[in-house]
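Generate the whole structure from the sequences, applying the supplied hints.
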Amino acid sequence: MGGRKGRHQVVGTPRRKVDAVSKVTGRTLFADDIALPRMLYGRLLRSTTPHARILRVDTSKARALDGVHAVLTGADFPVPFGILPVSQDEHALCPDRVRFIGDPVAAVAAVSEDVATTALDLIEVTYEPLEPIGTPEQALDTEEPRIHEYGPSGNIHKLIDLEFGDVEDALATADHVREDLFFYGGNTHLAMEQHAAVADWSADGKLTLWSSTQTPHYVHRALARVLELAPSRIRVIATPNGGGFGGKSDPFSHEIVAAKLAMLTGRPVKITLTREEVFYCHRGRHPTLMWVKSGVDRTGRIKGMHFRTLLDGGAYGSYGVASAYYTGALQTVTYQVERYRFQGARVFTNKPPCGPKRGHGTPQPRFALEVHLDKIAEDLDLDPAELRLAHLQPPESLTANYLRIGSMGLGACIRKVVDGAGWKERFRKLPYGRGIGIACSSYLSGAGLPIYWNHMPHSGVQLKLDRGGGITVFCGSTDIGQGSDSILAYIVAEVLGVAVADIAVVTADTALTPVDLGSYSSRVTLMSGNAALQAAERAREILVRHAAAKLDVPAERVGLADGQVFDVENPDVGMTFAEAVQAAEAAEGTIGTVGSYTPPRSPGRYRGAGVGPSPAYSYSAAIAEVEVDPTSGIVVVPRIWIAHDVGTSINPVNVLGQVEGSVYMGLGEALMEEMVYRENRNLVHKIPSMLDYKSPTTLDMCDVVTYLIEDPDPEGPFGAKEVGQGPLLPVPPAIANAVYDAVGVRIDEVPITPEKVLKAIKDCDKGRDGRFGPMRFPDVPWPEPTRVPPPWEGGDGRAAESGAVGAGGVRSSSVSAPPVPAPEERQH
Amino acid sequence: MASRRPDHPATAQIRLDLNGEQTTVAFAPHKTLLEVLREDLGLTGTKHGCELGECGTCTVLLDGRPVLSCLVLGVACDGAEVRTVEGMADGPRLHPLQETFADLGAAQCGYCTPGFLLASKALLAANARPSRDEIKEALAGNLCRCTGYLKIYEAVELAAAKMRGDEAEPSEETLYGRP
Amino acid sequence: MLRLPPFTYLQPKSLRQALRMKADAGPDGAYIAGGTDLLPNMKRRHQEPKVLVSLSGIRALGRITGGTGGSALSVGAGVTLTALHTHRRTRKRYGALARAAELVSSPLLRNMGTFGGNLCLDTRCNYYNQTYEWRKAIDFCMKKDGVICWVAPSSPRCWAVSSSDTAPVAVALGAEFVLVGPETERVLPAAEFFNDDGIRYLTKHPDEILTEVRLPPANGWDATYWKLRRRGTIDFPVLGVAVWVRWDNGLVADARIALGGVASYPKLVPEAAAVVVGTELEDDAIREAAAAAYRPAKPMDNTDFGLAWRKEMVRNYVTGALEELKARRGSGTTKRDV
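Residue numbers (my numbering), protein chains in the order written: chain G, 1 to 828; chain C, 1 to 179; chain D, 1 to 338.
Some hints could be false.
Pairs of lysine to aspartate or glutamate residues, derived as DMTMM-like cross-links and limited to a Cα-Cα distance of at most 20 Å, are as follows [said to hold, decoys possible]:
1. G:686 x D:282
2. D:136 x G:66
3. D:311 x G:629
4. D:136 x G:629
5. G:759 x D:301
6. D:50 x G:121
To be clear, the hints were calculated from the coordinates, so they are not data collected in a lab.
Following this line, the structure appears as structure tokens:
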């Protein structure tokens, strides 16, 4: 494949991923592909009731079954775990309570899956039913029973109330105020690979776990905690994930159980989940009810915005506290918001736990915000693309909630899709039944803070330079298909001027690789990329020093390219890369370097400021074209134009793949994917299968026209920002806005199903409000808000003293002041 | 029931032309072709996504036709010709579909990839110049959650062109996006 | 991985052998053809036969004959759905059937599943098409292991849905089914092959083998099939509309409309067909026929989509199918190559 000649040799050129050949030849070993000698097979018995006390678990018959080697129950796992330190509310097997259908209760290891399955049938569990809680409204209304014994009250898991400036005042003085309710349905990752784990215990007291996990470091910590083993005796190897999308980011029961079964039996144990069990692991998109009220001026500038979210968390904490914060964190990073208030609540229900799915907590509010803005533009008789362009958050700025924006390419994104889609000629001008809609978004390039509090780097890389010229990159990052192994190789190859093929990549092995926190929050290219960059630059410095001495030229004249180390002013004078390594090794001994990356400290100093900061934000704009059959409500999306500000494309063809895959997943969420439970039948999952949970097929996927916007970000390696998650976000609201353009009805709810569209069209035809969506936001016992004056109202990122907030002076001076940060603030 | 060992009844034995090699394999007779390939023949390149014939991940070629190996009984395959992803390359030379899937990023996580490759191979064997719609139809039983299918279509089109002997390179838009 | 329960697998070479093997196995035996319906059901423990009698080695079941000139088309029940919909004569002269076969599931499944298997497809219900453990969580249902039909808990019957694409077409076309039993061979009109009951959904005796489907000679009539589902492939129909009309001098001389996915059997709606007889399929006639088909359609809450919307779509799809036939008559051809 030909590359465009740019400033770089590797970066910016489309090329194969380092694991591409092993993937197209079927050689990649996923977790379930591992078979060890004498391996046993484990299976979990899962609860068949949504909420109950466990009175008795009789495993005697299962233990007696020929071929069964071990049986475990909750009594074997007294220590709880959970991904967040504040939500250690899970047990590998439930000791005394089950909280949803699918909660694991017992486990067996046997000579085959068949025997293990037969054994599960022989385990008798006696339950004492408790009232199941099916909806967030019911959770808010139910003090007892509590699904968990923690949280502010009843079945509320988390309450958040943050206010940046006096929003009531902004609303009162705005030219136009609009209030809307939205609902975003829950959906799941549905990675093609079912989770699997293989554990091996050796008689010298060492445990090895292979698992399809996105976060081997966190699994390592959970295993040590629950099994009460020293971390130094545990090795976690994340196998290549057959898709993750956030669904393999928590430590899971089957991983811990496999380990315990291996320890008990002294034999390797594999547990591979069935597709149905994967639906129970879930940790997917929180169903989220949202209320938003904004006050704008005549140009659509947001003077104040009040945003409320109510998240249905399911049965456990998971990442839920972070998810809840994320539903309020990124509203401010796309368009200027002068004052902002966010109230978020997460409640427990007796359904599979929700957690992080692609876009973690932000697609829901993004849907609401972008449809809300579409309505505001119509109220003000403004073009929605122009409205957005007029009020972009500036680059190198702070937002009302103290997020530091670096590069900001949203304007370029909007202009690209507006031109490409023929927006000006088509918006509000297409015949009835056809329409186009626009929406934008932004996402993190990695969370600014780790899951657990510490001052260590978020990503580490070690390089080993071989005297033969080969380089090995060691990094804890996990390739889940997004190409993170390749990014490491590309960056090192670029810096050291060698071919990508000369680099070996060793990743995701806690015994071999330095910690990387995991493949979540779109953090890996930026963070492990920066760590790799640092390690490579340090290696380069060593090689240059010794090559310069050998070539007898000043170090600053030594260049590395095409596998050669040479005098840039006289390229004939030089040596091979291998010779340079040999020179360095002769002088210094074994050559290895390390690199690490820690994100910059965020300026926010208030409680809750930890969620939202990122070293860099990606931006996307999308225009969706739809065809709506008004007689059935069926929506077809023929095409989506999308522009994504990725900073720099390290491998453009892979960046395109991430954008297209994000559009795909956004399309599925917008039109058909939804986790549904039978409220009338024990809250059982209605459709836990690939057939009934609707993932778009080749015949459902739309055409995608993709534009990559490249404006290098100073924080990213070679300027790169994220691409794996952000481009999903604008898709559902763009489709909703396009449906309105097509048939004049507002579907304020995702997924946008034919039933909803048809109902709204019929209502419209009868002269009623042509809207389908939630009608009310329930009462939530909000706490006192944490009040943080925005930067342009004299704030310093800290919460104001309670009671002394929103001082009149700040209020009056701020209303007309643009929230463009002062120069000194930009230097934070 | 307590002494039943469900996976150890009498074994079945079949002969296969497996990726061009005459192979004999013995296994528990209630196993699917998928299980026999993965567990008794060690060919783990064939994956499983749903176990119920709903996702296409386990696609293999049975007597030239792409089928769902999770719904094929091993015992029913005696004498059959079976092609799996492991048999696609010609020695050290990748099949053109493998080349283009690798070049264009049509394999992201790679889990559905073997199924897509085999379904595509069957398509190109029957139709050397498939239209985009024919590709979509031929791959309509294979789910992919990573790619949105677009890079897969482009890879199939490019491989088809190469297999026809056309001078073919991916377009600039395929590699860099629309300018 | 979900796995199959153990069984003995038998591969007869002739019908006679198959019938004997099945009779020997008694109620523990089951026939298997393509396996695309039976094997998932066995994995979920809906059916737990101890003996599987394979029909795939019986050559006679895999033939398509006739269909030329004024002769009937005979399709062996063992013909795969792919072979059926790509069969030239079937495509040309029995386009509705080819179309229905082509709309079944995905190309992968159609390479395996047979015409006969699709006609005998087990009725479906999302309280039933679940694993054993799942069904345990709802205390099972009437169709398997339980006593209540959760779709209509006060109902004495099971409401699982006929979800075959080809069955409504066979009924609308007035096909005949050949059933061979250990002692007897009988020929049944398609409509009499199906029962309005989610559990006993076929009139076929368990030992009988559906061997052949005979379609009437292709002359003077036209037909089509419309399928509704969430996605463009893989999914079962939540509604199938098969319409057959016989034209005579520009007027509809006879008509049949059969609905799939709205009852436990492919449901003929004669009251709708009667409306269009004697008409040129004018807009009014189509509208009335659609309304007449809408009324008796009774989708239940046990498939994808809401039942009210599915019922409503009966009107749309009957309208669409009739309009297609009307348009084709206008174009002067009566058979459509799909």
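Here is what the structure says about each hint:
no.	hint	in the structure
1	G:686 x D:282	43 Å, violated
2	D:136 x G:66	25 Å, violated
3	D:311 x G:629	17 Å, holds
4	D:136 x G:629	40 Å, violated
5	G:759 x D:301	18 Å, holds
6	D:50 x G:121	19 Å, holds
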